[in-house]
Amino acid sequence: MTVLDTATTAPAATATAVRDGDRTWTPVCAYTDLLPERGVCALVDGHQIAIFRTFDGALHAIGNRDPYSGAYVLSRGIVGTRRGEPTVASPMHKQVFSLITGRCLDDPETAVPVYPIRLRDGAVEVAC
Amino acid sequence: MTADGKGGDLMRLVVVGHGPAAHRLIEKLRNLGFGGAITVLGEEPRPAYDRVALTSYLGGKSAEDLTYPVPEDVTLRLGDRVVAVDREARLVRTASGHAEPYDVLVLATGSRPFVPPVPGHDLPGCHVYRTIEDLDAIREEALAAAEQGTGTGVVVGGGLLGLEAADALRGLGLATHVIEVGDRLMPRQVDEGGGAVLRGHVEALGLTVHTGAGVERIEAGPDGTVARVVLPGGEVIEADLVVFSAGVRPRDELAREAGLPVGPRGGIVVDSGMRTADPAIYAIGECALAGGVVYGLVGPCFTQAEVAADRICGGTAEFTSADTSTKLKLLGVDVASFGDIDPEGALDVTFLDPIEGVYKKLFVSDDARTLLGGICVGDAGPYDTLRPLVGRPLPGSPTELLFAGTGGIDVDLPDDAQVCSCNNVTAGRIRRAIAEEGARDAASIKKCTRAGTTCGSCVPMFTRLLKQSGVEVGKAMCEHFAYSRAELFDIVRVRGITTFSQLIAEHGTGRGCDVCKPAVASILASLGNGHILDGEQAALQDTNDHFLANLQKNGTYSVVPRIPGGEITPEKLIVIGEVARDFGLYTKITGGQRIDLFGARVEQLPKIWKRLVDAGFESGHAYGKAVRTVKSCVGSTWCRYGVQDSVSMAIALELRYRGLRSPHKIKAAVSGCARECAEARGKDFGVIATEQGWNLYVGGNGGFKPRHADLLAADLSDEELVRTIDRFLMFYIRTADRLQRTSAWLESLEGGLDYLREVIMEDSLGICAELDAQMERHVAGYVDEWRATLEDPEKLRRFVSFVNAPDTPDPSIVFETERDQIKPVMIPLEMVR
Numbered sequence: 000m001t002v003l004d005t006a007t008t009a010p011a012a013t014a015t016a017v018r019d020g021d022r023t024w025t026p027v028c029a030y031t032d033l034l035p036e037r038g039v040c041a042l043v044d045g046h047q048i049a050i051f052r053t054f055d056g057a058l059h060a061i062g063n064r065d066p067y068s069g070a071y072v073l074s075r076g077i078v079g080t081r082r083g084e085p086t087v088a089s090p091m092h093k094q095v096f097s098l099i100t101g102r103c104l105d106d107p108e109t110a111v112p113v114y115p116i117r118l119r120d121g122a123v124e125v126a127c
Numbered sequence: 000m001t002a003d004g005k006g007g008d009l010m011r012l013v014v015v016g017h018g019p020a021a022h023r024l025i026e027k028l029r030n031l032g033f034g035g036a037i038t039v040l041g042e043e044p045r046p047a048y049d050r051v052a053l054t055s056y057l058g059g060k061s062a063e064d065l066t067y068p069v070p071e072d073v074t075l076r077l078g079d080r081v082v083a084v085d086r087e088a089r090l091v092r093t094a095s096g097h098a099e100p101y102d103v104l105v106l107a108t109g110s111r112p113f114v115p116p117v118p119g120h121d122l123p124g125c126h127v128y129r130t131i132e133d134l135d136a137i138r139e140e141a142l143a144a145a146e147q148g149t150g151t152g153v154v155v156g157g158g159l160l161g162l163e164a165a166d167a168l169r170g171l172g173l174a175t176h177v178i179e180v181g182d183r184l185m186p187r188q189v190d191e192g193g194g195a196v197l198r199g200h201v202e203a204l205g206l207t208v209h210t211g212a213g214v215e216r217i218e219a220g221p222d223g224t225v226a227r228v229v230l231p232g233g234e235v236i237e238a239d240l241v242v243f244s245a246g247v248r249p250r251d252e253l254a255r256e257a258g259l260p261v262g263p264r265g266g267i268v269v270d271s272g273m274r275t276a277d278p279a280i281y282a283i284g285e286c287a288l289a290g291g292v293v294y295g296l297v298g299p300c301f302t303q304a305e306v307a308a309d310r311i312c313g314g315t316a317e318f319t320s321a322d323t324s325t326k327l328k329l330l331g332v333d334v335a336s337f338g339d340i341d342p343e344g345a346l347d348v349t350f351l352d353p354i355e356g357v358y359k360k361l362f363v364s365d366d367a368r369t370l371l372g373g374i375c376v377g378d379a380g381p382y383d384t385l386r387p388l389v390g391r392p393l394p395g396s397p398t399e400l401l402f403a404g405t406g407g408i409d410v411d412l413p414d415d416a417q418v419c420s421c422n423n424v425t426a427g428r429i430r431r432a433i434a435e436e437g438a439r440d441a442a443s444i445k446k447c448t449r450a451g452t453t454c455g456s457c458v459p460m461f462t463r464l465l466k467q468s469g470v471e472v473g474k475a476m477c478e479h480f481a482y483s484r485a486e487l488f489d490i491v492r493v494r495g496i497t498t499f500s501q502l503i504a505e506h507g508t509g510r511g512c513d514v515c516k517p518a519v520a521s522i523l524a525s526l527g528n529g530h531i532l533d534g535e536q537a538a539l540q541d542t543n544d545h546f547l548a549n550l551q552k553n554g555t556y557s558v559v560p561r562i563p564g565g566e567i568t569p570e571k572l573i574v575i576g577e578v579a580r581d582f583g584l585y586t587k588i589t590g591g592q593r594i595d596l597f598g599a600r601v602e603q604l605p606k607i608w609k610r611l612v613d614a615g616f617e618s619g620h621a622y623g624k625a626v627r628t629v630k631s632c633v634g635s636t637w638c639r640y641g642v643q644d645s646v647s648m649a650i651a652l653e654l655r656y657r658g659l660r661s662p663h664k665i666k667a668a669v670s671g672c673a674r675e676c677a678e679a680r681g682k683d684f685g686v687i688a689t690e691q692g693w694n695l696y697v698g699g700n701g702g703f704k705p706r707h708a709d710l711l712a713a714d715l716s717d718e719e720l721v722r723t724i725d726r727f728l729m730f731y732i733r734t735a736d737r738l739q740r741t742s743a744w745l746e747s748l749e750g751g752l753d754y755l756r757e758v759i760m761e762d763s764l765g766i767c768a769e770l771d772a773q774m775e776r777h778v779a780g781y782v783d784e785w786r787a788t789l790e791d792p793e794k795l796r797r798f799v800s801f802v803n804a805p806d807t808p809d810p811s812i813v814f815e816t817e818r819d820q821i822k823p824v825m826i827p828l829e830m831v832r
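Chains as they are written, first to last, in numbering that gives the first Met the number 0: chain W, 0 to 127; chain V, 0 to 832.
Listing some non-contacts, in silico: residues in chain V with all C-beta distances to chain W over 10 angstroms:
1. F113
2. I433
3. F582
4. C638
Straight-line alpha carbon distances no greater than 30 angstroms define the calculated DSSO-like cross-link-like pairs of lysine-lysine that follow:
5. V/K606 x V/K571
6. V/K704 x W/K93
7. V/K606 x W/K93
8. W/K93 x V/K822
9. W/K93 x V/K587
10. W/K93 x V/K794
11. V/K446 x V/K60
12. V/K27 x V/K60
13. V/K822 x V/K552
14. W/K93 x V/K664
15. V/K446 x V/K326
16. W/K93 x V/K552
17. V/K704 x V/K587
Hints listed in this document are in silico derivations from the structure and should not be mistaken for laboratory results.
Every residue, glycine too, gets a C-beta built ideally from N, C-alpha and C.
This is chain W alone, in the form it adopts within the complex (with noise of 0.2 angstroms):
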């Protein structure tokens, strides 16, 4: 299991990290890479962090591993809305998150992390 390594020495994970307040932000990546509607996963001080923007332009970060089937794979969900609130379907086994709270909208029980995420100087950062 030697690719456990990688994580820990992932060049650009902690690359510029800066403190404020009692965060810090980590920038991941330029806004205009994110395409509306569509996810990507961060790796942040080892955490998988999915990152979505939406539609109206807003960002959304949540945990990247579904619950359901431990695959580290909602980033690659399809985006849209459940009776207006932002969320993504896990593409394995379809099940529906907030992007606002993390929760399953099938599922009330289960929910994934939310990460603090804001858009600086045209880059995105998030806080873990």
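Since the structure of chain W is already known, use the hints to place chain V on it.
Chain V alone, transformed into the frame defined by chain W:
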């Protein structure tokens, strides 16, 4: 003419002009069983196309996309203008000297754009907006101008077509001015208040509007082409090109020279049966003056064509007046008007929201009892509900009605209220189709009435009427669309919609989900809208289509190169083996005679495919709802029992249908004899060789609910086989539900196999030419998705595990070894942290 009035085989019908009206005439004649010979003489170099959708040509539609299917057994003579009608000799002469005799002549010569005779109107750089050739010239100049960074376009005319042209110029990257001689935009459709709101919308998009202004002159620059437009007040607009869109004039010169009466302001005079003063000559469409009016909208022109067709076949149909209501989205703004929008002595009630840019006005009779007409800008909600009620008692208070169609009131349509104005279909006609003709679902009601099949704008009203009539309206796909997949397919196809955003803005709510987005992506792909990862389409694809590979349980993907018919050379087998070895992939032979390579991480996919594409492999579409494989037995080439070459046929079919997107996956097989070693009867379509040719079976399935395919046709030649499969697939793609395999589709098809046979082999719906053309477009437009992806750096950028660490492999992906190959290990959360 024979006694049945249907022409027998003697009548020679000649149609002059091949535009939408002529097309509809021919279609109607054939539907009515007209048996005479039809010859169409067209001036344009191409057959009739959908002029209503002309602007979509600039948005990427091809001329073929817009072209109507040409019915069989019609003689087309294109690119040769008719120059004279000899009524004595009953023949027409063309510019090339050809003479065509007729028994009945139909003039469908259309109109020509009116170009005001201002100085400079004929300079190079001045255009009109009517034909595909016009648009080609406009595009070429606009792009050249935009490249030099100067591009400015001026549209003369602020009516419906003028704004459409302005939108087109804007889309081509030009700064755009609109000059309207009237005091407001779209003076025929809206009043002053509506015009002001519309102007606000148009200006917000960056267009410059000049109202109350004509053109004084157009001046050339040193190169002799358009350089500036001068307005009467002396204002000068520096311009690279000018588009005249200031109305049209009927092309009545042939009739005029032949001595037929024309109106004082043009238009060939016809009676209520669309017949001119010469009983052997009819005139229809924009060249005809019917009841003192020349109609320029497609709906009335279609009705005229149908009336003329009916009369030619001995009927008594009449064209009296027509609804000139319009509803459209121009520059993203809804504009609609219906009924009388300038009635004398009427009362009106108006709603104005200057902030949102909404203007709605209803006209009612002075006793406030009867609806006379209405105007909507920015919200066309009331149009659907109220247009059929014009001239009838008000179904609610005028204020309530202003908000009809936006969740407000729901009104019952009277029987004679027109639902579909393009095809002149009333509510009563639809109710009759349901009650008397046994039409039980939206699709069959559309088929027998044609409602909703031309511009599609009445579909919401149509759907509401069906619900009121107790018809099970196709199950809503999800919370975002109230339509079934088949209905959405029709909307997209008929309205020429090319993006999800447009579809959901006009026909849905919210921003979609994992149900509707892939379904719409599939519809767009079936209709040939380019690479599935182009532009907005990329966001619609589920992860398999998005990475062009199959997601496996641990977040890795599998790769399946196409191996047509299951035939592969040793060299290619070696390449697959080497690729699998070099990338450490697990390999397995599939049931469809291919090889699946498992365990690839997203960032490896392009590298793997680079090797495969270089070795001559293509995408196998194992990841898509698409045609997968055509499996074959070894056939007569090697087999002692084979009667036909099943391998060659399987390869030919797989290459023909590769890449075809469909409601669900499609699998096929070809067996070389009745022993059926390819298991063809377990496939969506299966072909089994006979001594005489091929038997075609459809609707088979392995999977969850096995079903043997049914024999659709026996002893087909190669050519017949391919044509029948073409139509079977296209008809399935058009009408099936989301994720409905052919087996379930066939079982739900009312009339079953017999009905399917009638539709695709006897052309009972008259759609075969269209189905054929659609398949031809698919075949001609096929490109390998993986090759195209490798050639596009933008698309390749997405193939990374981590956006901030593109070279880092996903640490959660771990394998162990089993039987000398990798096997995924799902590791608990803590270990990755």
